[in-house]
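Build out the structure end to end from the sequences listed, making use of the hints.
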Amino acid sequence: MQIHLSPRHMTLTAAIFSYVSEKVEHLETMTPSIIAAHIVLLHDETKKKRYVVKVHLALPGPDVHAEDAEDDLYAAIDLTINKLSQQLRKYKTKRTEVKKHKLRVAKEAMKRGLK
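Numbering of the sequence shown is given in this note's numbering, commencing with residue -14 and proceeding in unit increments.
Treat the hints as calculated values from the structure; they're not laboratory data. Please read all numbers here as calculations on a predicted model, not as lab measurements. There could be a bad hint or two in this list.
Straight-line C-alpha distance at most 16 Å; calculated EDC-like pairs for lysine to aspartate or glutamate [to be verified]:
1) Lys33 to Asp63
2) Lys33 to Glu7
3) Lys39 to Asp57
4) Lys39 to Glu52
5) Lys79 to Asp63
6) Lys8 to Asp63
7) Lys39 to Asp63
8) Lys75 to Glu13
9) Lys34 to Glu13
10) Lys34 to Asp53
11) Lys68 to Glu55
12) Lys68 to Asp53
13) Lys68 to Glu93
14) Lys68 to Asp29
15) Lys79 to Asp48
16) Lys68 to Glu52
17) Lys77 to Glu13
18) Lys39 to Asp53
19) Lys34 to Asp48
20) Lys34 to Glu10
21) Lys33 to Glu10
22) Lys8 to Glu52
23) Lys75 to Asp48
24) Lys68 to Glu13
25) Lys75 to Asp56
26) Lys39 to Asp29
27) Lys33 to Asp56
28) Lys77 to Asp53
29) Lys8 to Asp53
Below is the structure:
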């Protein structure tokens, strides 16, 4: 998986980079088919000095997006990753249901063909 990090109006430290990459790599354990992760870290000084984290995950099929804003950068990262993990669980459930449905239909067709 490729990780693209884009800091805006802030400097990217090694600690922030390692924290974000560790969190994103944890998502890959849930769904190993993640192709790339595009992360934007934005420090918005006009609105209460908030940090905005935007993440776009490229997957085979529909992509997954999440965004969150908090006063603390690490809290914003955690909340965004939580949103992504919920979306990935839903994505994975839908994919397995489709596969199970195809198997069920094939088994029924074989039973009808044998009778």
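Each hint tested on the structure:
1. The hinted pair formed by Lys33 and Asp63 fails the criterion: a straight-line CA distance of about 19 Å is larger than 16 Å.
2. Our distance criterion of 16 Å between C-alpha atoms is broken by Lys33 and Glu7, whose separation comes to about 28 Å.
3. Taken as a hint, the Lys39 and Asp57 pair is honoured in the structure, with Cα atoms around 14 Å apart against an allowance of 16 Å.
4. Taking the CA atoms of Lys39 and Glu52, the gap is near 4 Å; set against the 16 Å cutoff, the hint holds.
5. For the suggested pair Lys79 and Asp63, the alpha carbons sit about 24 Å apart, so the restraint of at most 16 Å is broken.
6. A hinted pair counts as satisfied when its Cα atoms are at most 16 Å apart, and Lys8 with Asp63 qualifies at roughly 8 Å.
7. Using a Cα cut-off of 16 Å, the hinted pair Lys39 and Asp63 holds, with the two alpha carbons roughly 12 Å apart.
8. Distance restraint check for Lys75 and Glu13: the Cα-Cα separation of roughly 15 Å lies within the 16 Å cut-off, and the hinted pair is therefore satisfied.
9. For the hint pairing Lys34 with Glu13, the CA-to-CA distance comes to about 31 Å; that exceeds 16 Å, so the pair is violated.
10. For the given pair, Lys34 sits about 14 Å from Asp53 by alpha-carbon distance, which is consistent with the 16 Å threshold.
11. At most 16 Å may separate the alpha-carbon atoms for a hinted pair to count; Lys68 and Glu55 meet this at roughly 14 Å.
12. In summary, the hint linking Lys68 to Asp53 is supported, as the alpha carbons are separated by about 9 Å, within the 16 Å threshold.
13. A C-alpha spacing of about 38 Å is found between Lys68 and Glu93, which places the hinted pair above 16 Å, so the restraint is violated.
14. Between Lys68 and Asp29, the direct Cα distance comes to roughly 21 Å. Violation of the 16 Å bound is thereby established for this hinted pair.
15. Pair hint Lys79 plus Asp48 holds up; C-alpha atoms about 14 Å apart against a cutoff of 16 Å.
16. A threshold of 16 Å between alpha carbons decides the hint, and for Lys68 with Glu52 the separation of about 8 Å falls inside it, so the pair holds.
17. In summary, the hint linking Lys77 to Glu13 is supported, as the alpha carbons are separated by about 12 Å, within the 16 Å threshold.
18. A C-alpha spacing of about 7 Å is found between Lys39 and Asp53, which places the hinted pair at or below 16 Å, so the restraint holds.
19. Proximity of Lys34 to Asp48 is assessed by CA-CA distance (about 30 Å); at most 16 Å being required, the pair is judged violated.
20. As the CA atoms of Lys34 and Glu10 are separated by approximately 28 Å, the hinted pair breaks the 16 Å bound.
21. Restraint check for Lys33 and Glu10: not satisfied, since their Cα atoms lie roughly 30 Å apart, outside the 16 Å limit.
22. At roughly 15 Å between alpha-carbon atoms, Lys8 and Glu52 fall within 16 Å of each other, so this suggested pair holds.
23. Proposed proximity of Lys75 and Asp48 is supported: the alpha carbons are some 13 Å apart, at most 16 Å.
24. Pair hint Lys68 plus Glu13 holds up; C-alpha atoms about 14 Å apart against a cutoff of 16 Å.
25. Among the hinted pairs, Lys75 with Asp56 is inconsistent with the structure: their alpha-carbon atoms are about 28 Å apart, more than 16 Å.
26. Note on Lys39 and Asp29: the hinted pairing holds, with a Cα-Cα distance of about 13 Å set against a maximum of 16 Å.
27. The hinted pair formed by Lys33 and Asp56 meets the criterion: a straight-line CA distance of about 8 Å does not exceed 16 Å.
28. Distance hint between Lys77 and Asp53 is unfulfilled; the C-alpha atoms sit about 22 Å from each other, more than 16 Å.
29. Taken as a hint, the Lys8 and Asp53 pair is honoured in the structure, with Cα atoms around 15 Å apart against an allowance of 16 Å.
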